[in-house]
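> Please put together the full structure from these sequences, using the hints given.
So the sequence lines, in the order shown, correspond to chains A and U. Sequential numbering from 6 applies to the first sequence in the numbering used here. Sequential numbering from 1258 applies to the second sequence in the numbering used here.
Hints listed in this document are in silico derivations from the structure and should not be mistaken for laboratory results. All C-beta atoms in this analysis are idealised placements derived from N, C-alpha and C, irrespective of residue type, glycine included. Each hint should be verified, as a subset may be incorrect.
[Stated by the list, open to error] Partial chain A-side listing against chain U, Cβ under 8 Å, derived:
no.: 1; residue: Pro-24
no.: 2; residue: Glu-37
no.: 3; residue: Glu-39
no.: 4; residue: Ala-42
no.: 5; residue: Gly-43
no.: 6; residue: Glu-46
no.: 7; residue: Ala-47
no.: 8; residue: Gly-51
no.: 9; residue: Ile-52
no.: 10; residue: His-54
no.: 11; residue: Ala-55
no.: 12; residue: Tyr-61
no.: 13; residue: His-66
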Amino acid sequence: MNLEKYILAVITTNRNKVPAGTGVFFCDSKQEMESVAGNLEAILDGIAHALSEDLYVIVKH
Amino acid sequence: MTTEYTLPIVFGLAVGTITRLFMLRTDYRQYPTYLHGKIIHVALGFIAAGLGAVAGPSILEQEYTAVTFLTIAASQFREVRNMERNTLTELDNYELVTRGKTYIEGIAIAFESRNYLVIFTSLVSTIAYIIFNIWIGIIAAILTMFISHLLMSGGKLKDIVDIEYMEPRFDGAGLYVDNIYIMNIGLPERQKEVLRYGMGFILKPKTFNARSTIANLGQRQAVLHDVSTALGVYRDSGTPALVPLAKRDLDDGRIGIFVLPQERDIDRAIRVIGAVPTLENAIRMPTEKGGTKG
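Below, the structure is given as structure tokens:
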């Protein structure tokens, strides 16, 4: 299956921002968030985009 | 066994094949490929030269129906275009930075039309040889080779744009070249990589027509492909964040080019971008539409 422009995962340190309908990874620190995002980027072949300080999304382009 | 036409035909055949060799240049783009790709095109050029060379004598012998085999030639060379298109499209999936369909179509058209230029060259030089003598034939050959050369080389990008180097920068997670937004890169680690290897260029159109031409996505992809081929590319499969991109400033039509070359040589990169062909299928001439208002 070929996905285009699809959010594969959300990585956040803010538990108040809980998106639905996709995989969410809660992290305790910014550092952990960056490392999780980095790993997921490599695993999922997507790009880690920063939407705000505490919210990253992995998008397949 | 030789007739009065044998020598002129051999002459036309030789001239045509030389013309094809002359037009067949394998440069940094590594296309056509060594060595088999080249052999195919020289062989087809030889066939084209043969067709052109025998067309002259058949007209002079009033064998007019014989000229119809030129139509076979036409369909034969259309096949060449298909072959080139199919091969390149298949291979494009495995390029780190793709050529793009517009570039492929441009290459395919060039291969077809060059065979017609070969037919033209050998036809004219054979007829000149038969009607006058070998010396006039040689002059005609040189002249038509020169015309072929003029017809084969299209415009270069440096004729229609000014190229300027611009260090890429980050504004938050947004990557910019000058004021043109390229993409959002989230990870600080990735951002460092991008700043270390990335180079930005601004293509400023010289005319209104150029503005539409470089806006073409195929033309932009051709620039990215050529730069990545000439200077290498810092990229691997599975790293979509490290992708060269070209984005447009909607206000004035400037194009921001972002590339990740292995070799950070600004002058060389500007020369490479300048030498990118303006693709026939991308050229637009809105100013030719005269007499319209607003």
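> If you take the shortest Cβ to Cβ gap from Pro-24 (chain A) to chain U, is it below 8 Å?
For Pro-24 (chain A), the interface hint is violated, since the closest Cβ of chain U sits about 16 Å away, which is over 8 Å.
> Should the interface hint for Ala-42 (chain A) be scored as holding, given a Cβ-Cβ cut-off of 8 Å against chain U?
holds (6 Å)
> Any CB of chain U closer than 8 Å to the CB of Tyr-61 (chain A)?
Constraint on Tyr-61 (chain A) satisfied, holds at 5 Å.
> Holds or violated: Ile-52 (chain A) as interface residue toward chain U, Cβ cutoff 8 Å?
holds (5 Å)
> Please check whether Glu-37 (chain A) passes as an interface residue: C-beta within 8 Å of a C-beta belonging to chain U.
violated (13 Å)
> Interface hint check: Glu-39 (chain A), Cβ to nearest Cβ on chain U, cutoff 8 Å. Holds or violated?
holds (6 Å)
> Can His-54 (chain A) be said to touch chain U, with a Cβ gap under 8 Å?
holds (4 Å)
> Min Cβ distance, Ala-47 (chain A) to chain U: is it shorter than 8 Å?
holds (7 Å)
> Measuring from the C-beta of Gly-51 (chain A) to each C-beta in chain U, is the shortest one below 8 Å?
With a closest approach of 6 Å, the Gly-51 (chain A) hint holds.
> Any CB of chain U closer than 8 Å to the CB of Ala-55 (chain A)?
holds (4 Å)
> Against chain U, is His-66 (chain A) within 8 Å by beta-carbon distance?
holds (6 Å)
> The hint names Gly-43 (chain A) as touching chain U; please verify it with the least Cβ-Cβ distance against 8 Å.
holds (5 Å)
Of the numbered hints listed earlier, those contradicted by the structure are 1, 2.
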